[in-house]
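So the protein lines, in turn, are chains A and B. Mapped onto the working numbering, the consecutive letters of the first sequence carry residue numbers 1 to 421. Mapped onto the working numbering, the consecutive letters of the second sequence carry residue numbers 1 to 308.
Simulated from the structure, these hints should not be mistaken for lab results. Keep in mind that a hint or two might mislead.
Stated by the list, open to error - PhoX-like cross-link-like pairs, simulated, lysine-lysine; straight-line CA separation at most 25 Å: (1) 209/A with 222/A; (2) 244/A with 283/B; (3) 209/A with 283/B.
Predicted model only: the values in this text are computed from it and were never measured.
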Amino acid sequence: MAKDTRDTETGLGSPLRRKLLMGLAGVPALAMMPRGAFAAPPTSAVNTTGLAVTDTEVTVGILHSATGTMAISETGSIQAEKLAIEQINAAGGVLGRKIKIIQEDGASDWPTFAEKAKKLLVNDKCASVMGCWTSASRKAALPVFEQYNGLLYYPTFYEGLEQSKNVIYTGQEATQQILESLNWVAKEKGAKSFFMIGSDYIWPRTSNKIARKHIENVLKTKVVGEEYFPLGHTQFNSVINKLKLTKPDVIFTDVVGGSNVAFYKQLKAAGIDLSKQTLLTISVTEDEIDGIGGENIAGAYSCMKYFQSLKNPNNEKFVPAFKKMWGEKTVIGDVTQAAYLGPFLWKMAVEKAGSFDVDKVVAASPGLEFKEAPEGYVKIHPNHHLWSKTRVARAKTDGQFEVVYESPELIEPNPFPKGYQ
Amino acid sequence: MFGDYSIGDLSSIFVMQGFAGLILFSVYVLMALGLAIIFGQMGVINMAHGEFMILGAYVTYLCSSFFQSHLPSLFPIYFFVAMGLAFLASGAMGMLVEWGLIRHLYKRPLDTLLATWGLSLILQQAYRSIFGPREVGVELPSWMMGSVQVTDTIEVQINGLFVMGVTIVITLGVAALIFYSRFGQQIRAVMSNRTMAGAVGIDTERVDRLTFGLGCGIAGIAGSAFTMIGSTGPTSGQLYIVDTFLIVVFGGAASLLGTIASAFSISQTQSTLEFFLSGSMAKVLTLLAVVAILMLRPQGLFTLKVRR
Numbered sequence: 001m002a003k004d005t006r007d008t009e010t011g012l013g014s015p016l017r018r019k020l021l022m023g024l025a026g027v028p029a030l031a032m033m034p035r036g037a038f039a040a041p042p043t044s045a046v047n048t049t050g051l052a053v054t055d056t057e058v059t060v061g062i063l064h065s066a067t068g069t070m071a072i073s074e075t076g077s078i079q080a081e082k083l084a085i086e087q088i089n090a091a092g093g094v095l096g097r098k099i100k101i102i103q104e105d106g107a108s109d110w111p112t113f114a115e116k117a118k119k120l121l122v123n124d125k126c127a128s129v130m131g132c133w134t135s136a137s138r139k140a141a142l143p144v145f146e147q148y149n150g151l152l153y154y155p156t157f158y159e160g161l162e163q164s165k166n167v168i169y170t171g172q173e174a175t176q177q178i179l180e181s182l183n184w185v186a187k188e189k190g191a192k193s194f195f196m197i198g199s200d201y202i203w204p205r206t207s208n209k210i211a212r213k214h215i216e217n218v219l220k221t222k223v224v225g226e227e228y229f230p231l232g233h234t235q236f237n238s239v240i241n242k243l244k245l246t247k248p249d250v251i252f253t254d255v256v257g258g259s260n261v262a263f264y265k266q267l268k269a270a271g272i273d274l275s276k277q278t279l280l281t282i283s284v285t286e287d288e289i290d291g292i293g294g295e296n297i298a299g300a301y302s303c304m305k306y307f308q309s310l311k312n313p314n315n316e317k318f319v320p321a322f323k324k325m326w327g328e329k330t331v332i333g334d335v336t337q338a339a340y341l342g343p344f345l346w347k348m349a350v351e352k353a354g355s356f357d358v359d360k361v362v363a364a365s366p367g368l369e370f371k372e373a374p375e376g377y378v379k380i381h382p383n384h385h386l387w388s389k390t391r392v393a394r395a396k397t398d399g400q401f402e403v404v405y406e407s408p409e410l411i412e413p414n415p416f417p418k419g420y421q
Numbered sequence: 001m002f003g004d005y006s007i008g009d010l011s012s013i014f015v016m017q018g019f020a021g022l023i024l025f026s027v028y029v030l031m032a033l034g035l036a037i038i039f040g041q042m043g044v045i046n047m048a049h050g051e052f053m054i055l056g057a058y059v060t061y062l063c064s065s066f067f068q069s070h071l072p073s074l075f076p077i078y079f080f081v082a083m084g085l086a087f088l089a090s091g092a093m094g095m096l097v098e099w100g101l102i103r104h105l106y107k108r109p110l111d112t113l114l115a116t117w118g119l120s121l122i123l124q125q126a127y128r129s130i131f132g133p134r135e136v137g138v139e140l141p142s143w144m145m146g147s148v149q150v151t152d153t154i155e156v157q158i159n160g161l162f163v164m165g166v167t168i169v170i171t172l173g174v175a176a177l178i179f180y181s182r183f184g185q186q187i188r189a190v191m192s193n194r195t196m197a198g199a200v201g202i203d204t205e206r207v208d209r210l211t212f213g214l215g216c217g218i219a220g221i222a223g224s225a226f227t228m229i230g231s232t233g234p235t236s237g238q239l240y241i242v243d244t245f246l247i248v249v250f251g252g253a254a255s256l257l258g259t260i261a262s263a264f265s266i267s268q269t270q271s272t273l274e275f276f277l278s279g280s281m282a283k284v285l286t287l288l289a290v291v292a293i294l295m296l297r298p299q300g301l302f303t304l305k306v307r308r
């Protein structure tokens with residue numbers, strides 16, 4: 001590591017050489033040359049801010065919880081990011097440089113995320129970081145990324161109400177995920193009444209707020225109940241009785257973690273049959289079904305942008321590659337796929353910018369299109385979120401989903417939705 | 001809230017709600033019983049209680065996979081085997097921990113808190129390394145799923161009935177053991193006066209080890225039973241530990257009857273409030289009530305007269 005720094009320091013420390021190179025970079029003919037025809041561009045030209053870039057390597061950080069409560073969810077993201085980076089390296093790397101991974105463990109502890117983010121940016125000089133999962137971990141690490149001008153690719157679908165120069169959000173924000181599926185359930189199932197059940201923290205509360213506004217103001221139907229339970233709550237019999245009493249057309253859920261498992265097991269035990277009762281969830285992917293058990297949740301509808309069972313040529317390549325690397329039994333959920341996009345979006349932005357410098361990479365990002373995404377096609381919006389489609393799928397007993405609806409167009413990300421706050 | 005519903009609907013909901021309260025009561029008793037023995041009888045603050053429960057859950061998971069692949073014809077009854085094995089596994093692990101760790105700390109009860117908390121972290125990471133960080137799904141025999149239709153509108157969960165049955169059997173078993181057996185006498189003797197018990201020829205070390213093993217074994221059974229209603233993952237044990245301590249402390253640490261009374265009052269308050277208010281609010285009010293009562297009665301609901 002010390003060697004890398006010395007390299008870049010020499011590059012920076014020589015004004016003559018720097019001027020020369022800047023002049024060279026200005027020669028239009030050079031820019032028109034097809035990429036790859038030359039050896040990798042010199043380090044001093046593509047890295048003017050002292051990042052860990054050598055002539056053969058560039059360092060990228062991975063910052064997720066490999067231990068603690070969140071390891072359940074974040075393991076998939078780590079796996080997807082490693083797969084993407086391996087594929088990028090196999091295809092020649094980024095600007096002729098192989099990606100070297102430094103992985104740090106956030107340990108499901110939010111201050112640790114901030115500390116490790118600082119380590120990745122200040123000590124390791126990572127050119128970009130793939131990481132964070134919960135909103136809490138992102139909120140903890142965000143000031144660090146802004147202070148040291150780092151670049152974070154954040155994979156989780158989340159509540160919105162945030163936009164940072166230093167973050168690219170590869171998952172959906174709440175309105176993208178929720179509105180289309182509510183429209184679908186209102187039209188397809190003729191739903192008139194909704195009962196919302198969530199875990200008690202920012203994401204479910206914000207998501208339900210958006211959902212409620214849409215249900216009441218746009219669909220002109222009603223919410224008959226809205227309930228929150230502390231994280232880790234395991235007893236849902238009382239609320240299930242309330243469901244039996246109010247008989248909502250749709251149960252709308254965003255319960256997370258271990259509570260999720262308890263909720264569906266008890267719902268099934270209480271005799272609520274999901275083949276008759278419509279249940280729409282925004283918190284269950286293939287990963288969660290692993291723990292819940294397919295037989296306990298079969299029939300529920302989930303809305304996400306990606307499902308493992310999607311049929312398109314990109315996904316048909318992605319799923320076998322993922323299973324080859326991580327084992328036949330692994331499943332791929334929405335966030336795992338979104339995490340897979342991060343390294344590719346970064347690579348494309350770096351190549352478009354012709355530089356690893358964070359400011360240039362950020363400037364090059366809006367408008368980038370990624371046509372090989374397993375979810376189909378995505379494009380980066382100027383607000384740093386992705387244009388993407390939303391899909392509704394029905395859970396089957398084998399733990400997979402069958403897609404029943406797909407939004408016809410890409411949905412514009414709108415992290416600060418007017419009229420929904 | 002109830003204006004729109006018919007009397008028939010309401011009464012059946014109240015019946016089911018009463019039943020939901022009883023299920024919660026059984027769950028609480030089952031998870032607190034093991035801790036009540038260890039904390040109440042031995043004074044050891046076992047922060048790894050949840051992890052002993054999850055050990056039982058993982059044993060159940062292994063049993064379910066084993067029976068599915070090797071003895072599918074016996075699958076419908078595997079759960080009983082699993083509970084037995086869960087008791088043995090958690091109990092054995094408990095005795096090992098007592099021998100390796102706890103017995104050195106009897107004179108320093110507060111240090112057991114730290115030591116067992118460390119143990120819980122070690123166990124969590126061990127589960128993570130062995131079974132993977134994701135939750136595992138425990139498949140249940142089909143007869144344990146679903147509900148019994150009592151009338152047109154009243155349904156009762158089978159797994160709830162099952163947990164109640166298990167709780168009753170275990171509670172009666174423990175009560176018989178502690179109050180009517182020779183071993184129970186020894187436990188009580190050691191608890192009231194360790195030196196004197198030793199002087200009259202009771203092997204206090206052996207009694208300690210078996211008591212700790214018994215508490216952990218019961219935790220294992222609880223964990224096994226909870227695979228029906230909750231999740232099985234490396235950190236799932238953490239979901240239970242706070243409620244468990246709450247019940248034991250509220251009941252009065254040294255009293256099994258107190259544990260049961262406290263589980264009953266907390267579960268009924270919680271379940272009734274949850275029905276009339278929202279989930280988080282119910283929890284807040286329950287905790288407030290517990291705090292208020294503990295301020296008035298710091299020793300808990302029931303206490304034994306013990307000469308120290």
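A quick look at each hint next to the structure:
1. 209/A with 222/A: holds (13 Å)
2. 244/A with 283/B: holds (22 Å)
3. 209/A with 283/B: OK: residue 209/A and residue 283/B at ~22 Å, within 25 Å.
Every hint, counting from the list given before, is met by this structure.
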